[in-house]
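Engineer: Chains as they are written, first to last, in this note's numbering: chain A, 1 to 383; chain E, 1 to 291.
Hints listed in this document are in silico derivations from the structure and should not be mistaken for laboratory results. As the structure is a prediction and not an experimental result, all values here were calculated from the model. One or more hints might be untrue.
As the list claims (entries may be wrong) - SDA-like mimics (lysine to any residue), calculated; alpha carbons at most 20 Å apart, straight line:
| hint | chain 1 | residue 1 | chain 2 | residue 2 |
| --- | --- | --- | --- | --- |
| 1 | A | K221 | E | L253 |
| 2 | A | K372 | E | P122 |
| 3 | A | K372 | E | W117 |
| 4 | A | K298 | E | F4 |
| 5 | A | K221 | E | F4 |
| 6 | A | K300 | E | E126 |
| 7 | A | K372 | E | D127 |
| 8 | A | K298 | E | G115 |
| 9 | A | K248 | E | V129 |
| 10 | A | K221 | E | I5 |
| 11 | A | K300 | E | F114 |
| 12 | A | K221 | E | P122 |
| 13 | A | K248 | E | I136 |
| 14 | A | K221 | E | L112 |
| 15 | A | K248 | E | A135 |
| 16 | A | K366 | A | T381 |
| 17 | A | K372 | E | E126 |
| 18 | A | K248 | E | L158 |
| 19 | A | K248 | E | G133 |
| 20 | A | K300 | E | L112 |
| 21 | A | K248 | E | L132 |
| 22 | A | K248 | E | D3 |
| 23 | A | K221 | E | D3 |
| 24 | A | K248 | E | V130 |
| 25 | A | K248 | E | T162 |
| 26 | A | K221 | E | M1 |
Next come the chains, spelled out residue by residue.
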Amino acid sequence: MGFTRKDFLGSMIAATMLSLTGAAHGQQAEPVLIGATVPMTGPLSLTGKQYQNSLTMAEEDINKAGGINGRPIKVVFEDTQASNGTAVNAFVKLAQETKPSFFFLSSYSTQNLAVAPELKKVQVPAMYAGGADAVADGGNEWMFRIRPADSVSAEGMVKAAVDVIKAKKPGILYIQNDFGQGGAQTAAKRLEAAGIPVVGMEAYGQNDKDFSAQLLSLRSKGADTILIFNYPQDGALVLRQAKVLGFKMPLVTSSAALVPAALQLLSPADLEGVWGVTDAFMDASVGGRMKDYVERFKAKFGIDPDPYGLAYYDGAFLMAEGMRKVGTDAKALREWLAAVKGWQGIGHVYSYDAKGNGVRDLAVVKAKAGTKTLELVQPVTLN
Amino acid sequence: MADFIQLLVNGLAIGSVYALAAIGFVIVYSATGVVNFAAGQFVMFGTFAGVVTLINAQLPWSVAYGAALAIMALFGALFFITVYLPLRRGSIVTIIIGTVAVGIIMQNAALLSFGSWPFRLPSPLEDRVVNLGGAIISTHALGVVGVTALMVAGLWVLFNRTSVGIGMRAVAQDLQAAKLMGLKVNRLLALSWVLAAVLAGVAGLMLGPMWFADVNMGDPIALKAFAATIIGGFGSLPGAIVGGLFVGLSEVLGASYVSSAYKDLISFGIMILFLLVRPQGVFGEKIQDRG
Numbered sequence: 001m002g003f004t005r006k007d008f009l010g011s012m013i014a015a016t017m018l019s020l021t022g023a024a025h026g027q028q029a030e031p032v033l034i035g036a037t038v039p040m041t042g043p044l045s046l047t048g049k050q051y052q053n054s055l056t057m058a059e060e061d062i063n064k065a066g067g068i069n070g071r072p073i074k075v076v077f078e079d080t081q082a083s084n085g086t087a088v089n090a091f092v093k094l095a096q097e098t099k100p101s102f103f104f105l106s107s108y109s110t111q112n113l114a115v116a117p118e119l120k121k122v123q124v125p126a127m128y129a130g131g132a133d134a135v136a137d138g139g140n141e142w143m144f145r146i147r148p149a150d151s152v153s154a155e156g157m158v159k160a161a162v163d164v165i166k167a168k169k170p171g172i173l174y175i176q177n178d179f180g181q182g183g184a185q186t187a188a189k190r191l192e193a194a195g196i197p198v199v200g201m202e203a204y205g206q207n208d209k210d211f212s213a214q215l216l217s218l219r220s221k222g223a224d225t226i227l228i229f230n231y232p233q234d235g236a237l238v239l240r241q242a243k244v245l246g247f248k249m250p251l252v253t254s255s256a257a258l259v260p261a262a263l264q265l266l267s268p269a270d271l272e273g274v275w276g277v278t279d280a281f282m283d284a285s286v287g288g289r290m291k292d293y294v295e296r297f298k299a300k301f302g303i304d305p306d307p308y309g310l311a312y313y314d315g316a317f318l319m320a321e322g323m324r325k326v327g328t329d330a331k332a333l334r335e336w337l338a339a340v341k342g343w344q345g346i347g348h349v350y351s352y353d354a355k356g357n358g359v360r361d362l363a364v365v366k367a368k369a370g371t372k373t374l375e376l377v378q379p380v381t382l383n
Numbered sequence: 001m002a003d004f005i006q007l008l009v010n011g012l013a014i015g016s017v018y019a020l021a022a023i024g025f026v027i028v029y030s031a032t033g034v035v036n037f038a039a040g041q042f043v044m045f046g047t048f049a050g051v052v053t054l055i056n057a058q059l060p061w062s063v064a065y066g067a068a069l070a071i072m073a074l075f076g077a078l079f080f081i082t083v084y085l086p087l088r089r090g091s092i093v094t095i096i097i098g099t100v101a102v103g104i105i106m107q108n109a110a111l112l113s114f115g116s117w118p119f120r121l122p123s124p125l126e127d128r129v130v131n132l133g134g135a136i137i138s139t140h141a142l143g144v145v146g147v148t149a150l151m152v153a154g155l156w157v158l159f160n161r162t163s164v165g166i167g168m169r170a171v172a173q174d175l176q177a178a179k180l181m182g183l184k185v186n187r188l189l190a191l192s193w194v195l196a197a198v199l200a201g202v203a204g205l206m207l208g209p210m211w212f213a214d215v216n217m218g219d220p221i222a223l224k225a226f227a228a229t230i231i232g233g234f235g236s237l238p239g240a241i242v243g244g245l246f247v248g249l250s251e252v253l254g255a256s257y258v259s260s261a262y263k264d265l266i267s268f269g270i271m272i273l274f275l276l277v278r279p280q281g282v283f284g285e286k287i288q289d290r291g
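Extracted from the complex, chain A is given alone in its bound form (with noise of 0.2 Å):
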């Protein structure tokens, strides 16, 4: 029996269909290309470590789920360092050669601040953790907020120490950048609002160690209460100085004094009379899907998480769905995001406003008497 005519041409159609196929199967496994910008080396590591964590953490699980509709995530890191000008080096190295779907940036204002610009040239939406305001008013459609705004940790410092320690004479210590500027600005306006005016506002610079003469002069205006901007390791530095000048009266941290990075550094001496807020209350006594995440995070890299790490799980998991919904076009991507109301995190729940801010809770914290064990004192919704 010979190959007749017909046996050629269905020969060749079965090849053709074959290799189609074998081409969808190829585009399928294409991986979408994911880009996050974060300080992995330098002193703004101690946080960024733990977002780059966070994002492989999701990256696998929503690969296990079935990534975005059978396609693959693939997160590309490059590092930021505590430099501005290497935040938009990494940026556009990442937008020039890997050109990604989907960006995360890093959670620092003036990276954030400084990468904006070229963000809206590329025209892609990204997630960033960065707190100051000035980020969302600067009005970039391509940047989400996936923590609470610096003014919204203002308000909820503020509503700690004058609706649960009762302070009559507020004092601030503030970093000073962006993020404790701004912070310590907004808490003082609220507490003039309230009728409590700050007794002494003081300032520290990034690198500084020594703050006795800050806190001195805090208690010497009469402070009852101090009210504190800071990053992790100088509020670490700050409340152990607090202590060993022999400061009993109320102490209000910002969430970075509370991260795991920070709390092993303290004791729980060191944390009598300090309430902080978060914003996440993160323990496993949570349950659900909090004591899954913190379990899991914990057993994989050998540290607690934090709630900046979180931040960016739950964010990854808010680009999946969007993804997934429609499609990894970038305009269509960021109008979805846009308009997200009532996302159920397991940190947060995420509702975009027209500015990009998407998170308007935390929670007010204590450690537990004579412990490090972080106890909830209050959650705080802002409208």
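Given the structure of chain A, go ahead and fit chain E onto it with the hints provided.
Structural biologist: For chain E alone, coordinates are given in the frame of chain A:
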């Protein structure tokens, strides 16, 4: 008054650490003509030597401190052999850039080895405080001032009462003449680097409990020690001590009585003023051949 005493002791404690780092600068500069831009990282290594011996190895205090300083002495000798010796025939600029490069390598090596999380280095005096006229003073801060005073006294004895120290001064003053006099110049130069590393180790061990052990702690120390050296006088040991104490006190008292927001402006402003008006510093001699 109580607040002033507290500030004064804190300023002296921080100034003492700057002074020790500045002395390390001066010893190396006087002997070799090299401005060691890795000096801040030397102090950071000293702190992490303490992390290894006190936290990781859990050695008793005296053994841990001795071992940490021995590690630093070894590191100083290694630095001399692997960085200074190969580069010494190059221009001074080459050696200086070499110290910058090694400083970056040291910082990143520490980051790779210890990670980005800081450590809380314990102090034998821990959180004990004393009450001086109503001022609550940390005994560790008092200890830092005391140890620095002892170190300075020890250095004075070394440089003025021992043949090794006098030999080191001779090398610092005139290398060729020292060679002609039969001094073992290389050994004395190596000793300068070892001494600088050990002093940095002492500074690092004292600083760890005050600042936390952190791989990025070196840069701010180097900047302040550099300012202290300029103000006190490059090449002058008394200048390094006075300069260090001045920078520490101006930092703390300036933040309290002038402005916390501009406290660094005070010490660095004074440093610039010295560079403009009296570049040789308070104790420095007007020498034109180095700088």
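Engineer: State for each hint whether it applies.
Structural biologist: Tested hints:
Distance check on the hinted pair: A/K221 and E/L253 sit about 16 Å apart at the alpha-carbon level, within 20 Å; holds. At roughly 18 Å between alpha-carbon atoms, A/K372 and E/P122 fall within 20 Å of each other, so this suggested pair holds. Between A/K372 and E/W117 the CA atoms are separated by roughly 17 Å; this keeps the pair inside 20 Å, and the hint holds. Straight-line distance between C-alpha atoms of A/K298 and E/F4 comes to about 46 Å, which puts the hinted pair past the 20 Å bound.
Between A/K221 and E/F4 the alpha-carbon distance is near 14 Å, which keeps this suggested pair within the 20 Å criterion. Restraint check for A/K300 and E/E126: the C-alpha separation of about 34 Å exceeds 20 Å, so the hint is violated. Taking the CA atoms of A/K372 and E/D127, the gap is near 18 Å; set against the 20 Å cutoff, the hint holds. Under the criterion of a C-alpha separation no larger than 20 Å, the hint pairing A/K298 with E/G115 is consistent with the structure, at around 16 Å.
With a C-alpha separation of about 15 Å, the suggested pairing of A/K248 with E/V129 holds against the 20 Å cut-off. Distance restraint check for A/K221 and E/I5: the Cα-Cα separation of roughly 17 Å lies within the 20 Å cut-off, and the hinted pair is therefore satisfied. At most 20 Å may separate the alpha-carbon atoms for a hinted pair to count; A/K300 and E/F114 meet this at roughly 18 Å. This hinted pair does not check out: A/K221 and E/P122 have alpha carbons roughly 33 Å apart, beyond 20 Å.
A C-alpha spacing of about 13 Å is found between A/K248 and E/I136, which places the hinted pair at or below 20 Å, so the restraint holds. Of the supplied pair hints, the one linking A/K221 and E/L112 is violated, its CA atoms being roughly 44 Å apart against a limit of 20 Å. Only pairs whose Cα atoms come within 20 Å are accepted, and A/K248 paired with E/A135 is accepted, the gap being roughly 14 Å. For the suggested pair A/K366 and A/T381, the alpha carbons sit about 18 Å apart, so the restraint of at most 20 Å is met.
In summary, the hint linking A/K372 to E/E126 is supported, as the alpha carbons are separated by about 19 Å, within the 20 Å threshold. For the suggested pair A/K248 and E/L158, the alpha carbons sit about 46 Å apart, so the restraint of at most 20 Å is broken. Under the criterion of a C-alpha separation no larger than 20 Å, the hint pairing A/K248 with E/G133 is consistent with the structure, at around 19 Å. Proposed proximity of A/K300 and E/L112 is supported: the alpha carbons are some 19 Å apart, at most 20 Å.
For the suggested pair A/K248 and E/L132, the alpha carbons sit about 18 Å apart, so the restraint of at most 20 Å is met. A distance of roughly 15 Å separates the Cα atoms of A/K248 and E/D3; the hinted pair therefore holds under the 20 Å criterion. For the hint pairing A/K221 with E/D3, the CA-to-CA distance comes to about 12 Å; that is within 20 Å, so the pair holds. Between A/K248 and E/V130, the direct Cα distance comes to roughly 16 Å. Compliance with the 20 Å bound is thereby established for this hinted pair.
With a C-alpha separation of about 51 Å, the suggested pairing of A/K248 with E/T162 is violated against the 20 Å cut-off. About 14 Å separates the Cα atoms of A/K221 and E/M1, which keeps this hinted pair within 20 Å; it holds.
The structure fails to meet hints 4, 6, 12, 14, 18, 25 from the earlier list, while all remaining hints are met.
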